[in-house]
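According to numbering that gives the first Met the number 0, the residues represented by the sequence shown are 0 to 120, in order.
Incorrect hints may appear among the rest.
Said to hold, decoys possible - List of simulated lysine-lysine pairs, PhoX-like, C-alpha gap at most 20 Å:
(1) K88 x K99
(2) K83 x K72
(3) K43 x K72
(4) K83 x K43
(5) K72 x K88
(6) K99 x K87
(7) K83 x K93
(8) K32 x K43
Simulated from the structure, these hints should not be mistaken for laboratory data.
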Amino acid sequence: MDIDNSLEDGNISLEATANENNNSTSPQQSSEKQVIRAPRDPNKFPTTRIRALMRMDSDLNIASQESVYLISKATEYFVQYQAKEAYKKTAASKRKTVQKRDLDAAITECDGMAFLEGAID
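Given these sequences and hints, build the entire structure.
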């Protein structure tokens with residue numbers, strides 16, 4: 000089956016040719032498209048734990064599912080950024096294992112992580 004995978008508005012469009020769909024010659028069937036929704040990106044962090052941490056804030060009364068998802072994704076990207084910066088320090092030292100001193104160096108040198116100084120003691 001000849002399938003053209005392309006993204007259209009966040010969906011995956013699968014197009015099949017007419018002669019592959021039961022050898023039909025109807026023009027209506029030849030231009031049909033099947034649209035399959037792309038699965039939502041799975042969270043790396045448990046949403047129940049993120050929601051529980053958010054509820055610890057006394058100013059927050061209710062947390063929507065979307066806000067919990069966004070906080071989870073932001074956390075994921077931040078941890079990924081921190082790991083990449085720490086790995087750069089590890090690679091510069093010609094080592095293969097990331098150590099605490101690499102995290103400390105990344106926190107010290109990156110302005111976006113300045114708020115973490117002294118947090119990993």
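Which earlier hints can't be squared with this structure? 5 and 8
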